[in-house]
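2 protein chains.
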Amino acid sequence: MLDKIDHLGIAVDDLDSALAVYSTTLGLSVKRREVVEEQGVELAALIVGETLIELLRPLSEDTPVGRFLSKRGPGLHHVAYRVDDIEAALAALREAGARLIDEIPRRGMGGSRIAFVHPSATTGVLTELVEPPTAADAAAAE
Amino acid sequence: MLDKIDHLGIAVDDLDSALAVYSTTLGLSVKRREVVEEQGVELAALIVGETLIELLRPLSEDTPVGRFLSKRGPGLHHVAYRVDDIEAALAALREAGARLIDEIPRRGMGGSRIAFVHPSATTGVLTELVEPPTAADAAAAE
Chain A
3 MLDKIDHLGI
13 AVDDLDSALA
23 VYSTTLGLSV
33 KRREVVEEQG
43 VELAALIVGE
53 TLIELLRPLS
63 EDTPVGRFLS
73 KRGPGLHHVA
83 YRVDDIEAAL
93 AALREAGARL
103 IDEIPRRGMG
113 GSRIAFVHPS
123 ATTGVLTELV
133 EPPTAADAAA
143 AE
Chain B
3 MLDKIDHLGI
13 AVDDLDSALA
23 VYSTTLGLSV
33 KRREVVEEQG
43 VELAALIVGE
53 TLIELLRPLS
63 EDTPVGRFLS
73 KRGPGLHHVA
83 YRVDDIEAAL
93 AALREAGARL
103 IDEIPRRGMG
113 GSRIAFVHPS
123 ATTGVLTELV
133 EPPTAADAAA
143 AE
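Protein chains in written order, with our numbering: chain A, 3 to 144; chain B, 3 to 144.
Incorrect hints may have been included.
A pair holds if it fits inside one copy or across any two, identical chains being indistinguishable in the list.
[Claimed, not checked] SDA-like mimics (lysine to any residue), calculated; alpha carbons at most 25 Å apart, straight line:
id	residue 1	residue 2
1	73	37
2	33	123
3	6	109
4	73	122
5	33	68
6	33	121
7	33	98
8	6	19
9	33	126
None of these hints come from the bench; they were simulated from the model.
Please build the complete structure, drawing on both the sequences and the hints.
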């Protein structure tokens, strides 16, 4: 059901210095850097193998990543898995009694569909499911 | 320098229920389950794409994972990256002034060589570098 790790989200307070660690020191290639208003973050994504490291700097304290940063400090924020059928994945979780943050998928970047699962359901790990866009969805999201 | 994510380490207090989430509910295949005395954990590794999810149950409170669990509760513990030259990776980190937990590599599982980098050097994320064993090392570790 889970095909691969789509990305790891890491909360950071200084995006430039975080990027220096992962790109300059550790040599990862930057795929993109952008402000994602609906998630309240400035994001830099770096490529490692088949997955991405997403560095997330909150745009304000009053955002999910901002609250995480205030409470826990910089560090691993969430793990996102690529799924081919997000409804089936959510149904399996619901069937197992898992607490979901998103009962139905919502739109993610580039026409993908995403849903968050509550950490209490997945061993304390905030977990995101990502179903990639169909070609038509991707074109519509351009 | 970093080829891929080798594994994600997740601290858990109940290995059976954690395994049920990742194998039964989310459908990942279990690669192995074993006690690793030198790391003070019982470990279950599940396959997702090119990487592993390692569920880590501490054998006692007085272990690195046990202390993490007491302080933070279950959740993401570390990220391990596969590198082809661990000395070069450590040299790059040292050059950048990064704080290392292991100044020189030590033996990991199956003849691999590993080193931990202090979270302060890598945006609050405890980071492990893993250089896979040569064929000769792997045979010697059998």
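At most 25 Å between alpha carbons: which applies to residue 33 and residue 68, within, between, both or neither? within (23 Å within a copy, 36 Å between copies)
State whether the alpha carbon distance between residue 73 and residue 122 is at most 25 Å within one copy, between copies, both, or neither. both (17 Å within a copy, 17 Å between copies)
Go through the copies and call it for residue 6 and residue 19: within, between, both or neither, with a Cα cutoff of 25 Å. The answer is between: 22 Å across copies meets 25 Å, while 28 Å in one copy does not.
Evaluate residue 73 and residue 37 at a C-alpha cut-off of 25 Å and name the case that applies: within, between, both or neither. within (23 Å within a copy, 33 Å between copies)
Copy assignment of residue 33 with residue 98, given that the CA separation must stay at most 25 Å: between (36 Å within a copy, 22 Å between copies)
Please work out whether the CA atoms of residue 33 and residue 126 approach to 25 Å or closer within one copy, between two copies, in both situations, or in neither? between (29 Å within a copy, 22 Å between copies)
Quick one: residue 33 to residue 123, C-alpha cut-off 25 Å, is that within a copy, between copies, both, or neither? between (31 Å within a copy, 22 Å between copies)
Up to 25 Å between alpha-carbons, please classify residue 6 paired with residue 109: within, between, both or neither. within (20 Å within a copy, 27 Å between copies)
One pair to classify: residue 33 and residue 121, alpha carbons no more than 25 Å apart. Within, between, both, or neither? between (28 Å within a copy, 24 Å between copies)
Going down the numbered hints, you'll see the structure goes against none, and every one checks out.
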